[in-house]
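With the hints as constraints, model all of the structure from the sequences given.
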Amino acid sequence: MLFNSVEFSIYLPVVFLLYWFVFNRKVKLQNLFIVVVSYLFYGWWDWHFLILIVITSFCSWLSGVCIDKLRNGTSADTPEIRKKCKWVVGGNVALNLGILIFFKYFNFFVESFITSFSLLGINLESPLLYIILPVGISFYTFQALSYTIDVYRKKLEPTYDVVAFFAFVSFFPQLVAGPIERATNLLVQFYKPRNFTYPDAVNGMRQILWGFFKKIVIADNCAIVVNDVFGNYSNYSASTLLLGAIFFSFQIYGDFSGYSDIAIGTAKLFGITLKQNFNYPYFSRNIIDFWRRWHISLNTWFVDYVYIPLGGSWEGMYKHIRNIFIIFFLSGLWHGANWTFITWGIYHALLFIPLLLLSRRNNNKQTGFAKPVISMFITFLFVTVGWIIFRADTLSMAWNYISGLFSDSLFTIPKVSGSNNVTAIISLFFIFILLTVEWINRNKPFGLDLCNMPNLFVRYSFYSLIIASIYFFGADASNFIYFQF
Amino acid sequence: MIMNLSVQQIRYIISFILFLLAFMVLLNIVTPVLFKALPNDYMRTKLIIQTLKDTSEVAEVIILGNSRGMNGVNGYMLEKELSDHPKVYNLTSTGQQLSESALYYTMIPTEVKTVIQCIDIDLLSKPIDIKTSNSVALHMYRYEMDNKTEEIVPLKKTLDKPFFIYNYEARNCLFAGLSYFLRKMLDDDDPDVFALDLRYPSSHKSLRNDIIYKQEIEEKNKNNMFALYTILPEWKKLIDTSYIYFKQRNIRYCLLIMPYNPDIISSTNEEKEYALSLFKKQFNDIFLIDCFNLLRPEDFYDAIHPNNSGAEKITDMVIKSF
Chain H
59 MLFNSVEFSI
69 YLPVVFLLYW
79 FVFNRKVKLQ
89 NLFIVVVSYL
99 FYGWWDWHFL
109 ILIVITSFCS
119 WLSGVCIDKL
129 RNGTSADTPE
139 IRKKCKWVVG
149 GNVALNLGIL
159 IFFKYFNFFV
169 ESFITSFSLL
179 GINLESPLLY
189 IILPVGISFY
199 TFQALSYTID
209 VYRKKLEPTY
219 DVVAFFAFVS
229 FFPQLVAGPI
239 ERATNLLVQF
249 YKPRNFTYPD
259 AVNGMRQILW
269 GFFKKIVIAD
279 NCAIVVNDVF
289 GNYSNYSAST
299 LLLGAIFFSF
309 QIYGDFSGYS
319 DIAIGTAKLF
329 GITLKQNFNY
339 PYFSRNIIDF
349 WRRWHISLNT
359 WFVDYVYIPL
369 GGSWEGMYKH
379 IRNIFIIFFL
389 SGLWHGANWT
399 FITWGIYHAL
409 LFIPLLLLSR
419 RNNNKQTGFA
429 KPVISMFITF
439 LFVTVGWIIF
449 RADTLSMAWN
459 YISGLFSDSL
469 FTIPKVSGSN
479 NVTAIISLFF
489 IFILLTVEWI
499 NRNKPFGLDL
509 CNMPNLFVRY
519 SFYSLIIASI
529 YFFGADASNF
539 IYFQF
Chain Z
183 MIMNLSVQQI
193 RYIISFILFL
203 LAFMVLLNIV
213 TPVLFKALPN
223 DYMRTKLIIQ
233 TLKDTSEVAE
243 VIILGNSRGM
253 NGVNGYMLEK
263 ELSDHPKVYN
273 LTSTGQQLSE
283 SALYYTMIPT
293 EVKTVIQCID
303 IDLLSKPIDI
313 KTSNSVALHM
323 YRYEMDNKTE
333 EIVPLKKTLD
343 KPFFIYNYEA
353 RNCLFAGLSY
363 FLRKMLDDDD
373 PDVFALDLRY
383 PSSHKSLRND
393 IIYKQEIEEK
403 NKNNMFALYT
413 ILPEWKKLID
423 TSYIYFKQRN
433 IRYCLLIMPY
443 NPDIISSTNE
453 EKEYALSLFK
463 KQFNDIFLID
473 CFNLLRPEDF
483 YDAIHPNNSG
493 AEKITDMVIK
503 SF
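Protein sequences, first through last, are from chains H and Z. Start counting at 1 in the first sequence, then tack on 58, and there's your number in the working numbering. Start counting at 1 in the second sequence, then tack on 182, and there's your number in the working numbering.
The set of hints was computed from the structure by calculation and includes no laboratory data. Where a beta carbon is used, it is the ideal one built from N, C-alpha and C, also for glycine. It is possible that part of the hints are untrue.
To be verified - Computed far set for chain Z versus chain H, every beta-carbon distance over 10 angstroms: (1) Asp302; (2) Pro344; (3) Asn405; (4) Tyr456; (5) Lys463; (6) Phe465.
As the list claims (entries may be wrong) - With beta-carbon atoms standing in for the labels, derived distance ranges: (7) Z:Glu455 - H:Val94: 56 to 64 angstroms; (8) H:Leu98 - Z:Met206: 20 to 28 angstroms; (9) H:Thr452 - Z:Lys308: 29 to 37 angstroms; (10) Z:Glu351 - H:Met59: 20 to 28 angstroms; (11) H:Leu98 - Z:Leu414: 34 to 42 angstroms.
What the hints assert, rightly or not - Subject to a maximum C-alpha distance of 30 angstroms in a straight line, what follows is the list of computed DSBU-like cross-link-like pairs (lysine-lysine): (12) Z:Lys462 - Z:Lys308; (13) Z:Lys419 - Z:Lys228; (14) Z:Lys418 - Z:Lys343; (15) H:Lys473 - Z:Lys313; (16) Z:Lys402 - Z:Lys463; (17) Z:Lys396 - H:Lys473; (18) Z:Lys366 - Z:Lys402; (19) Z:Lys366 - H:Lys473; (20) H:Lys473 - Z:Lys402; (21) Z:Lys418 - Z:Lys295; (22) H:Lys212 - H:Lys377; (23) H:Lys250 - H:Lys213; (24) Z:Lys404 - H:Lys473; (25) Z:Lys454 - Z:Lys396.
In structure tokens:
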């Protein structure tokens, strides 16, 4: 089910009312209700793949129970117990990653294998399978894995409450596109009774509204221009290619952060607090800063479960650089089975490492107006070049697109085809609105956080303008980009 | 699991929900007002309805069809070249397929001598329908279907939606209005001509838009529109009934077979010829003007729309046929 669909506009109020007024007597009952409605939410797309969520949830829960049983409820363990626990956690990680790899990467690995052999002059037959990628598989797999690893590391008490655990893995607002939650934050909320508080509910509604604005007005309108430019890049001038790339930067931001805002806001309506996933990434002053603000839940996941176990930055410069390369490589691979995503990851690693070596971790201390704005602009341009690689179908297309940017026509007026010019102008206007609102609220958790705006009339005028923009200028409902990951 | 709300907070929530509902209703009510007040690509629907209702200015020749007919038949040239120089109205409009044109048939005054219906023969293998945007325009400009039309076109149910659904579907009217003004400022083509001209509503000043041409040809070549070509019985019935209806009113009903771009190579020549011959065979009683193979690629502005030179050839063919 899409957030921007008629079905969801019926589903949400019905689920909300049942959650607070019918299933509110016992925590277990409420959790069970969450599991059922989350499965309904997911099954609306394709119920067959619910089996994968059930397998992932059950095996991860069982591995936690097994680790606890092996430790016999104590934290002191012998090398033998540690070894057995390692086998349990390793088995669960292997199973979950196995499912993920099969559904997401099987054909990619087979194709890459065949291509590399063909370079050596050996032609192999291609046993490619027709595999449908289950929506959100990377998100819930990583979420479930974090639980097992945290239990193994003794950061978290294992749960015997299977319903709470299933609710944690499948909680519908963030099931298909994150934020990727940790059991230490989300699972524990399913143990306790939830409270519906007025400020949370109001803020949740505002965040949902802002998310819809970003998705329907910004992302979906930008998508029209982006699809045109990327689909016909060889026919367009350099200035138009640049415009297309900039629009994609805003499309992916509006799409993904819009989804996160709707997810976080919806969770608030159910008395659940999710992590912030975006912190105004296009106001970053360098690439390191960007990665602290973009898809925070995935990046912190890689830091906690890959970068730190590999030694982080404590084992010398060489290993530090290696570890950064590994997490960016994996981050690229996580996005999809295509060399464009991997190259995008490596591109960011290459931008990241020099700054790290120069110890420019934080230039947020820059004062004045011009310097920070110039830094933001330069960072944005580098990020935008990365998005070209990300958006391209193939590496050669990315190369041709980027090469196309370097020509005299960069200084001409950009022009796309037909009525898309008008869409581009209207999108630019709304991008300006987005940036202005987010700049004003850049120290708050989301763009439309109007907590400190006391004037009711101004607040309601603001809501009205946003709703009217969505109504009159929203493009046709489309899927969220990150569903495919 | 408790809702910790004070009475005042409950009041705020109820007020907010009421505000939201009232605001949505207001937006829905305002939409048709804006739709009618602002220019848009479907203004021709209003022009067509007004022109057909206006009995003081009646044309002898009326042309109906979609944007291919808008760009493909030059009413000025017809008026000039046809003997007796009859008054010609080109009442084609964007997305006006045969099913929509047929909605206007009973509105055509009896003084009209000839109705030229532009037709894309590939359409007849798809079910009868009308585009949402076109049905919205018909609703907004107060089109009313009479009993005879109900008999000719099986679209009564499609056009009978509740008013608030039409209002909702028309919500991009502000976008369309802005788009219209911006196009007037930015584009070479004048949207006013496209919306208001009664003879030749073609706004393209150039002969070819290369970028769009390439894109559209690539797109068209992905689908074979003449594979397993058939004419659905509902279309056959619609055309036959229309023919009989006009014959009873002593109006000549001509079907103008619109040209096919030779650069679209997704269908084989055999498939195309089979479709054309089947069409001709099915409607051999009707006066057909065959322009199917008339144009060359350079006669097209984009993949499907004829340019001025293409229009000249098609119009010339109409004149010769008459």
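* Against the earlier hints, flag every one the structure doesn't satisfy and list their numbers going up. => none
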